[in-house]
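With chain G held as given, fit chain B onto it using these hints.
Chains G and B, in that order, are what the protein sequence lines are. Note that the first sequence ends on residue 474 in the numbering used here; no numbers are left out. Note that the second sequence ends on residue 251 in the numbering used here; no numbers are left out.
Keep in mind that the hints were calculated from the coordinates and are not lab data. Incorrect hints may have been included.
Simulated crosslink set (DSSO-like; lysine-lysine; CA at most 27 Å straight-line) [as the list claims (entries may be wrong)]:
id	chain 1	residue 1	chain 2	residue 2
1	G	LYS343	G	LYS358
2	B	LYS138	G	LYS343
3	B	LYS27	G	LYS446
4	B	LYS129	B	LYS167
5	B	LYS129	G	LYS343
6	B	LYS184	B	LYS129
7	G	LYS358	B	LYS167
8	B	LYS138	B	LYS184
Take a look at the letters that make up each chain.
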Amino acid sequence: MEYFLQQLINGVTLGSIYGLIAIGYTMVYGIIGMINFAHGEIFMIGSFIALAVFLALAAIGITFLPLVLLLMVVVAMICTAAWGWTIERVAYRPLRGSFRLAPLITAIGMSIFLQNFVQVTQGARVKPLPPQIQGGITLMDSPSGIVVQISWIQIIIILMTVVLMAGFSLLISKTSLGRQQRACEQDRKMASLLGVNVDRTISLTFVMGAGLAAVAGMMFLLYYGVIDFYIGFIAGVKAFTAAVLGGIGSLPGAMLGGLAIGLIETFWSGYFSVEYKDVAAFSILAIVLIFMPSGLLGRPEVEKV
Amino acid sequence: MSVAQQTDNRQAAETLLSVRGVETFYGKIQALRGVDIEVHRGEIVTLIGANGAGKSTLMMTICGNPQARSGQIVYNGQDITNLPTHDIMSMSIAQSPEGRRIFPRMTVIENLQMGAILEDEANFEDDLRKVFTLFPRLKERRGQRGGTLSGGEQQMLAIGRALMSRPKLLLLDEPSLGLAPLVVKQIFEAIRELNTNEGLTVFLVEQNAFHALRLAHRGYVMVNGSITMSGTGRELLAREEVRSAYLEGGAH
Numbered sequence: 170m171e172y173f174l175q176q177l178i179n180g181v182t183l184g185s186i187y188g189l190i191a192i193g194y195t196m197v198y199g200i201i202g203m204i205n206f207a208h209g210e211i212f213m214i215g216s217f218i219a220l221a222v223f224l225a226l227a228a229i230g231i232t233f234l235p236l237v238l239l240l241m242v243v244v245a246m247i248c249t250a251a252w253g254w255t256i257e258r259v260a261y262r263p264l265r266g267s268f269r270l271a272p273l274i275t276a277i278g279m280s281i282f283l284q285n286f287v288q289v290t291q292g293a294r295v296k297p298l299p300p301q302i303q304g305g306i307t308l309m310d311s312p313s314g315i316v317v318q319i320s321w322i323q324i325i326i327i328l329m330t331v332v333l334m335a336g337f338s339l340l341i342s343k344t345s346l347g348r349q350q351r352a353c354e355q356d357r358k359m360a361s362l363l364g365v366n367v368d369r370t371i372s373l374t375f376v377m378g379a380g381l382a383a384v385a386g387m388m389f390l391l392y393y394g395v396i397d398f399y400i401g402f403i404a405g406v407k408a409f410t411a412a413v414l415g416g417i418g419s420l421p422g423a424m425l426g427g428l429a430i431g432l433i434e435t436f437w438s439g440y441f442s443v444e445y446k447d448v449a450a451f452s453i454l455a456i457v458l459i460f461m462p463s464g465l466l467g468r469p470e471v472e473k474v
Numbered sequence: 000m001s002v003a004q005q006t007d008n009r010q011a012a013e014t015l016l017s018v019r020g021v022e023t024f025y026g027k028i029q030a031l032r033g034v035d036i037e038v039h040r041g042e043i044v045t046l047i048g049a050n051g052a053g054k055s056t057l058m059m060t061i062c063g064n065p066q067a068r069s070g071q072i073v074y075n076g077q078d079i080t081n082l083p084t085h086d087i088m089s090m091s092i093a094q095s096p097e098g099r100r101i102f103p104r105m106t107v108i109e110n111l112q113m114g115a116i117l118e119d120e121a122n123f124e125d126d127l128r129k130v131f132t133l134f135p136r137l138k139e140r141r142g143q144r145g146g147t148l149s150g151g152e153q154q155m156l157a158i159g160r161a162l163m164s165r166p167k168l169l170l171l172d173e174p175s176l177g178l179a180p181l182v183v184k185q186i187f188e189a190i191r192e193l194n195t196n197e198g199l200t201v202f203l204v205e206q207n208a209f210h211a212l213r214l215a216h217r218g219y220v221m222v223n224g225s226i227t228m229s230g231t232g233r234e235l236l237a238r239e240e241v242r243s244a245y246l247e248g249g250a251h
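Chain B extracted, bound-state conformation:
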């Protein structure tokens, strides 16, 4: 089944996350100017855009830090716009944030335990096994401190940590940043696997537009805090504006 066909099948699917007219400010500076985004259950949706477009701000606004000044964010039928971060995260949303934010003075296992604090402890061993199957590298490094891991290993740990809470929606902020192409491929492969095998819904922010659009069912393009284009991954890849703005220099 092609990606386009899959998207058609999902069109009628239930909305898991909907962002409507969201505006976010840092002090007086407006970072998001009325953003609308929909993520359906079981989809991989990507958001691409240049540095400073507001992609990470949107990610963090969904998680309530900073909170949106206007607009509405609805997750799983519930308005989460004004909830504190820790309440939002307890609703089966997990984020692997920009810069990975591994706890540097905690071991790999402790980092994963932190990911599981909202989960029943009885599930810990099972979930740990799953993460280690997905990223065998982490198993080798289990006793090592987070701060001493390589960039790729840290990214794996960040995703693994997010998965430990058994999320329904996984927010991934630039998982490919600063990583060797081979590692990027490995991580994108893992995302695809999670989506097809487990039905995990993924919202992916990327600068690596080529890989992201190929992986995603649908995509949005953000410029200066607003969404300027949207469509299936394939459509966006074919658009001349997208190619010239984000794929210049070719697919690498």
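Chain G with its partners taken away, still in its complex shape:
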């Protein structure tokens, strides 16, 4: 029981990170129907920027932790959002209206480019960050010797994810900007006939997705303490899987899918074998898609014509 609880906590933490990245995949897919394969790299760049900010602040002597964390997240979000905007502008917008595979190919190209760019400029070696937030709350201390603990960093990650996702859901469902995004998702031509600047709305979607990925990148950095140029690939594939599992295009689906992938991975590693955790995650994906082709929450609506 104690072991189960501990794995649950770990799984939810991991799932939170996946979920935040998955939102970027699902929103971009929803609005322009393409898989932005460079989104994993956006997450990786977010974590590098967060680390750079941390090192820069340390160099000028700012070590007050809450301030450091705040600056890390703000700067990482802004810079990563700028990356997201630029990528859309440079690599995807010129191809809009082109054949369907074209943006997919540039997305893969962009992904490879960003990986190599970071490898060349930052080096291939892993970048460590000494643990900044230590300790936690001991929830259970059983006589059998198994301790159930939730660390502060886990609490921060889970809370931050809940807050961001709640805020984001509100933004999409209640604000004018969110409605415009949903309108572009459902019928771009009609949205433009109502005066929506479709290109700007698509850019904003990339910016938002990148901002969330930056937060995920920073949390990854704080949680694991090491990053390298390759983390975007694995996390990106997992988050993409999460988005598909939840039903691509569906926002709650991305969150649920992220959580599911995080939990499956953690429990499989905890009870069976670490080596096969990815096999487990992808097998579940395959099984779900066989029985629910549009994912857990991506149910196609019956529409009258």
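Frame of chain G; chain B shown alone:
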């Protein structure tokens, strides 16, 4: 006052929309071959023609998607030929397009909110009330998703959504398509009401020539991407060519 007299009174009226020599292509295929149309302030002008004549293309060309390859479109004294769609729509033009294009996964209210994105939010409640007065049916369905409405309700919503931006010029593309005669009558009645009570200028594309020509002050006939005839609604209704080509099967 008869329709003919009204038209005389408006003859001197100011031109709101003028389309001159417009040619539009889809790739290599020419859809419009030098179209000239004038719409005056306060008029209902209709464009009739067979399937594939280019009527909807003209509607969309006015809105800049696709853009005209040659010719000129002037709205309210300003050349809008090469403006992007969202800029054109911000000049008090609204379109209820072919196929209605309701956002299927948005509620009736959200669809109407989308219509009002260019408008001051302070006007929203007022405009909403107006649309609900015009189409009480929409009020009953306000929380329902657009995709689950009937065809007639969707058409009402499409027109209501267009009205939410307080347009000076309303472009209506085949509002009667696929609807029961009773609903068609209701919608045409609403158009007439908007025109007489609010002075709204309407450019109406229709296949239902009989109803459209009776409603409109003036009409144009389009064949294969060109205008072949024009005149008051009454004149066109009386023309033998129009009767045989578009009213065969009688007035229904």
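Against the structure, the hints come out as follows:
1. G:LYS343 / G:LYS358: 22 Å, holds
2. B:LYS138 / G:LYS343: 20 Å, holds
3. B:LYS27 / G:LYS446: Violated, at about 54 Å.
4. B:LYS129 / B:LYS167: Holds - the C-alpha atoms of B:LYS167 and B:LYS129 are around 16 Å apart, at most 27 Å.
5. B:LYS129 / G:LYS343: Roughly 23 Å separates the two Cα atoms, so the pair holds.
6. B:LYS184 / B:LYS129: 19 Å, holds
7. G:LYS358 / B:LYS167: 21 Å, holds
8. B:LYS138 / B:LYS184: 20 Å, holds
Checked against the numbered hints above, the structure violates only hint 3.
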